[in-house]
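Enquirer: In order, the protein sequences belong to chains S and Y.
Letter by letter, the first sequence follows residues 466 to 995 in the working numbering.
Letter by letter, the second sequence follows residues 466 to 995 in the working numbering.
These are computed hints drawn from the structure, not numbers from a lab.
A hint or two may mislead.
Since the list gives no way to pick one copy over another, a pair counts as held whenever it fits inside one copy or between any two copies.
[To be verified] Calculated pairs, DSS-like style, for lysine-lysine (alpha carbon to alpha carbon, straight line, at most 25 Å):
(1) K886 - K525
(2) K616 - K795
(3) K598 - K886
(4) K778 - K616
(5) K913 - K886
(6) K886 - K795
(7) K516 - K493
There are 2 protein chains.
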Amino acid sequence: MQIMLYDTTLRDGTQREGMSLSCEDKLKIARILDDLGIHYIEGGWPGSNPKDAEFFRRVKSLGLTHARVAAFGATRHAGNRCEDDANVQALVAAETPVVTLVGKSSILHVEQVLETTREENLAMIADTVAYFKQRDKEVVYDAEHFFDGYKLDPDYTLATLAAAARAGANCLVLCDTNGGALPHEVAAITREVRTSFRAQGLPEPDLGIHTHNDGALAVANALAAVQEGVRQVQGTINGYGERCGNMDLIPVIANLQLKLGYACVSRAQLQKLSDVAHSVAAIANLNPDPHAAYVGRSAFAHKGGIHVAAIEKVESSYQHIDPTLVGNTKRVVVSELAGRGNIRVRAEELGLTLQGVEGNVVQRIKELEHRGFQFEAAEGSFEMLIRRSAVDYAPPFDLLDFTVIVEKRGNHQITSQATVKVRIGDQVMHTAAEGDGPVNALDGAIRKALLPHYPELAEVRLVDYKVRIIDEHRGTAATPRVLIESARGDERWSTIGASHNIIEASYQALWDSLELPLLRSRERQNRKSS
Amino acid sequence: MQIMLYDTTLRDGTQREGMSLSCEDKLKIARILDDLGIHYIEGGWPGSNPKDAEFFRRVKSLGLTHARVAAFGATRHAGNRCEDDANVQALVAAETPVVTLVGKSSILHVEQVLETTREENLAMIADTVAYFKQRDKEVVYDAEHFFDGYKLDPDYTLATLAAAARAGANCLVLCDTNGGALPHEVAAITREVRTSFRAQGLPEPDLGIHTHNDGALAVANALAAVQEGVRQVQGTINGYGERCGNMDLIPVIANLQLKLGYACVSRAQLQKLSDVAHSVAAIANLNPDPHAAYVGRSAFAHKGGIHVAAIEKVESSYQHIDPTLVGNTKRVVVSELAGRGNIRVRAEELGLTLQGVEGNVVQRIKELEHRGFQFEAAEGSFEMLIRRSAVDYAPPFDLLDFTVIVEKRGNHQITSQATVKVRIGDQVMHTAAEGDGPVNALDGAIRKALLPHYPELAEVRLVDYKVRIIDEHRGTAATPRVLIESARGDERWSTIGASHNIIEASYQALWDSLELPLLRSRERQNRKSS
Chain S
466 MQIMLYDTTL RDGTQREGMS LSCEDKLKIA RILDDLGIHY IEGGWPGSNP
516 KDAEFFRRVK SLGLTHARVA AFGATRHAGN RCEDDANVQA LVAAETPVVT
566 LVGKSSILHV EQVLETTREE NLAMIADTVA YFKQRDKEVV YDAEHFFDGY
616 KLDPDYTLAT LAAAARAGAN CLVLCDTNGG ALPHEVAAIT REVRTSFRAQ
666 GLPEPDLGIH THNDGALAVA NALAAVQEGV RQVQGTINGY GERCGNMDLI
716 PVIANLQLKL GYACVSRAQL QKLSDVAHSV AAIANLNPDP HAAYVGRSAF
766 AHKGGIHVAA IEKVESSYQH IDPTLVGNTK RVVVSELAGR GNIRVRAEEL
816 GLTLQGVEGN VVQRIKELEH RGFQFEAAEG SFEMLIRRSA VDYAPPFDLL
866 DFTVIVEKRG NHQITSQATV KVRIGDQVMH TAAEGDGPVN ALDGAIRKAL
916 LPHYPELAEV RLVDYKVRII DEHRGTAATP RVLIESARGD ERWSTIGASH
966 NIIEASYQAL WDSLELPLLR SRERQNRKSS
Chain Y
466 MQIMLYDTTL RDGTQREGMS LSCEDKLKIA RILDDLGIHY IEGGWPGSNP
516 KDAEFFRRVK SLGLTHARVA AFGATRHAGN RCEDDANVQA LVAAETPVVT
566 LVGKSSILHV EQVLETTREE NLAMIADTVA YFKQRDKEVV YDAEHFFDGY
616 KLDPDYTLAT LAAAARAGAN CLVLCDTNGG ALPHEVAAIT REVRTSFRAQ
666 GLPEPDLGIH THNDGALAVA NALAAVQEGV RQVQGTINGY GERCGNMDLI
716 PVIANLQLKL GYACVSRAQL QKLSDVAHSV AAIANLNPDP HAAYVGRSAF
766 AHKGGIHVAA IEKVESSYQH IDPTLVGNTK RVVVSELAGR GNIRVRAEEL
816 GLTLQGVEGN VVQRIKELEH RGFQFEAAEG SFEMLIRRSA VDYAPPFDLL
866 DFTVIVEKRG NHQITSQATV KVRIGDQVMH TAAEGDGPVN ALDGAIRKAL
916 LPHYPELAEV RLVDYKVRII DEHRGTAATP RVLIESARGD ERWSTIGASH
966 NIIEASYQAL WDSLELPLLR SRERQNRKSS
């Protein structure tokens with residue numbers, strides 16, 4: 466049985482306190498969701514957030530191969546016509562194949578929050594669904610506060626669903642908006658919905674489920690609904706969302722597919738789960754939860770001696786699944802570092818040979834990771850480390866000294882300047898630059914020194930700059946880790962630096978980011994001339 | 466119906482990667498658990514951890530008024546007598562009123578991990594339970610891998626329970642040791658246990674449940690078991706534990722008591738839940754999860770304008786319970802979407818009056834949020850903004866100028882130094898400091914200038930420093946946003962800065978972090994003297 470996955474990280478997920486995504490971030494996440502095999506991507510609420518219009522415009526040319534994009538909005542306002550309703554028209558302007566309409570399904574909200582009548586609310590649902598069906602949209606109806614409304618007034622709540630169904634909605638989503646429902650209630654009420662449709666002589670509806678984690682039950686509530694015949698599950702990556710979060714799609718996908726035999730994504734896509742969880746966290750600049758079910762760094766980590774001894778005898782003795790199924794790995798918490806075998810495999814993947822220096826490379830990685838580097842996020846710096854380990858390595862340049870000065874005088878603008886000394890062959894360049902902040906000034910000064918010798922660097926752009934603090938509790942003496950992403954045409958590489966000093970960490974990442982493209986150009990040149 | 470709460474934070478909880486508790490910490494937590502009304506406190510595993518002996522010795526004189534203390538250990542080793550078994554004797558030496566014995570209930574573990582026979586394992590269980598019953602202990606039997614074992618060989622798994630029951634165990638705990646069970650399985654297998662006891666003519670057993678969160682279902686699994694008649698629930702505060710954690714007792718207590726009508730603790734004790742979650746996190750030196758169900762700082766936080774407007778009309782419209790029942794509070798998040806009403810509500814919560822300048826404050830917040838500030842994460846800076854908006858505001862100091870210099874010469878250590886000019890009353894202080902990075906140097910220089918005038922700042926500690934990059938695609942010219950958390954005793958405040966220049970952003974956040982405690986001290990002083 467196929468389950469349809471509906472992701473709302475880009476809309477409901479961003480309601481999480483402290484989370485905000487730029488349009489660029491949202492496009493990156495959309496691509497990741499598409500690769501994972503998500504069926505629907507809810508991109509935003511064009512009526513409430515003018516920034517979302519840009520996303521819907523740009524996502525069209527993103528070339529998604531699998532996912533359908535949905536725009537989210539409310540049913541028309543009371544007394545309005547859809548044609549005159551600004552929110553409805555913002556949904557039209559989004560030009561998505563799917564429109565998701567949230568409507569009031571609880572009498573409390575109809576009468577006390579919306580302050581309209583039962584009849585007008587039913588008309589608002591029916592009109593708005595019909596309006597988009599006439600425009601050939603796939604319409605998803607989100608029945609807000611469905612379970613709470615059902616407990617107050619089951620007949621009215623069911624009538625809102627019937628109104629959406631009769632108007633042609635393709636899927637009716639039962640929402641536990643406040644997140645307080647319990648699994649046995651979700652199961653019983655979902656059964657009631659099916660019974661009531663049969664009793665009214667309506668065709669069997671396609672149902673969806675949308676849960677929140679206020680009772681720490683979002684995942685269980687979604688499973689309970691699926692076991693009662695619901696076919697669409699709505700959630701977010703890592704459970705991001707308002708208050709206690711939305712339902713986390715990651716464990717739901719794994720539980721449904723590995724334990725209950727439903728089809729969600731392909732076997733290969735399932736193996737991306739861990740990567741997806743970590744990449745989305747990185748884009749949102751949030752620390753991934755190491756204890757997250759299935760995909761956390763600690764999810765298959767064994768600490769105690771007895772457990773470790775047992776898993777050496779029988780791999781499954783303290784693991785509920787084989788971690789490789791979701792792209793995670795078993796880990797014994799003692800030594801976490803990569804062995805020689807792993808390093809060789811990764812070097813080969815990059816087309817490099819290690820010339821028998823694996824031991825040195827492993828040693829160097831251990832040292833650097835102890836100081837806060839993390840090479841899994843910085844393949845470019847990993848590549849540089851391997852290249853520099855070659856006995857005949859000839860660096861294209863050498864950074865000797867730098868000085869960075871940041872000054873603020875009274876109410877004047879703050880100024881930042883940097884000077885660098887760079888050796889290129891037998892020449893030493895001494896250059897200076899001002900910049901928009903100290904790292905930008907440093908970047909400018911290094912480029913000034915290198916450009917006369919390496920004009921090809923003009924094409925290299927720095928496209929991403931991230932800072933994460935490790936040891937946060939050490940206050941301003943904590944260790945910043947800097948990640949830089951650079952590009953030249955379609956080519957991309959990530960480099961890293963880590964130091965108590967954020968300027969030094971940036972300098973390390975900048976150095977790698979500029980040296981790597983010079984080496985790659987040199988190789989291409991050599992290949993052409995040979 | 467009374468549910469017995471069994472806490473294993475001090476034993477299974479400490480298996481969490483990165484968590485360790487001193488004996489002092491454990492005693493503090495035991496006192497908190499007792500106040501909360503927990504019925505059993507599992508203090509440690511004296512056989513595996515010699516440090517635990519000290520806890521069991523000292524806990525006797527702690528004067529717990531309610532909780533019974535349990536020592537945890539395994540059944541005797543194969544071929545041993547209890548009298549000669551070191552682990553069993555360590556349990557005796559702990560001198561606790563309750564002994565919790567873990568035994569193998571899965572045939573896989575009996576044959577392949579323990580490498581003994583079915584019969585010997587049954588004898589190990591029976592002998593060890595009987596041994597402690599003869600010594601007048603309350604005996605809890607933890608049936609390890611119960612659900613996994615049942616799926617492999619139900620008869621043998623049930624036979625292990627019967628062996629413990631016949632030997633006199635007071636409670637039989639069904640453990641989902643690997644954390645992979647699903648709620649419908651837990652419910653069905655729990656029913657089977659009761660049926661099998663009746664079929665064997667054994668008296669109705671007292672059952673317990675012990676779950677882990679590897680499928681993100683630990684809370685749901687515990688509820689499913691209770692709904693099938695289980696009376697003891699085992700878990701940890703905040704769900705601490707190995708891999709993905711143990712079942713979190715906090716939401717289980719709240720769900721059972723507020724939603725399912727079971728009795729767990731008193732109404733007054735229930736109101737301590739939020740404090741308990743935060744205090745235990747503080748003792749364990751872990752950040753509390755702001756999104757934790759019921760007790761997280763964000764659990765009742767409302768961000769969007771529509772939700773905020775709705776809860777002003779009907780308090781329960783976007784809340785699953787009244788947050789005061791669990792000692793939490795509703796909170797409106799200050800953000801760029803917030804209007805004047807929100808600002809007034811927030812100011813009142815802080816005990817400040819706006820003196821008719823709401824309009825200016827809203828305008829200023831909009832300007833700053835446009836430049837990258839985000840006040841929802843920085844209540845301290847929000848408070849400073851309101852305080853500074855008062856017409857008669859007299860700042861305790863004024864930062865005039867600063868210079869930061871970071872230098873690297875060849876292979877020498879990098880150095881960072883800062884100078885600042887600070888006006889305090891009619892004096893101008895000019896100070897300099899070196900530091901572990903530029904921000905640390907700046908912090909040092911500012912404190913040097915202020916300390917002679919404000920010695921109370923010596924108590925103010927910087928406990929957290931975070932950097933987030935906004936507009937990441939702008940490369941090294943992107944905007945860093947700096948968040949600083951500071952503390953004085955139990956008091957905490959967060960401040961923010963945002964600028965293209967990371968040094969300036971840090972400087973803004975530092976400024977607020979030092980000005981705020983001076984104002985608060987001044988007010989306390991005024992209240993005392995008036």
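Enquirer: Does each hint fit the structure? Answer for all of them.
Expert: Results of checking the hints against the structure:
no. : hint        : in the structure
1   : K886 - K525 : neither (47 Å within a copy, 54 Å between copies)
2   : K616 - K795 : between (44 Å within a copy, 24 Å between copies)
3   : K598 - K886 : neither (66 Å within a copy, 67 Å between copies)
4   : K778 - K616 : between (52 Å within a copy, 20 Å between copies)
5   : K913 - K886 : within (11 Å within a copy, 33 Å between copies)
6   : K886 - K795 : neither (42 Å within a copy, 54 Å between copies)
7   : K516 - K493 : within (16 Å within a copy, 50 Å between copies)
In summary, the numbered hints that this structure violates are 1, 3, 6.
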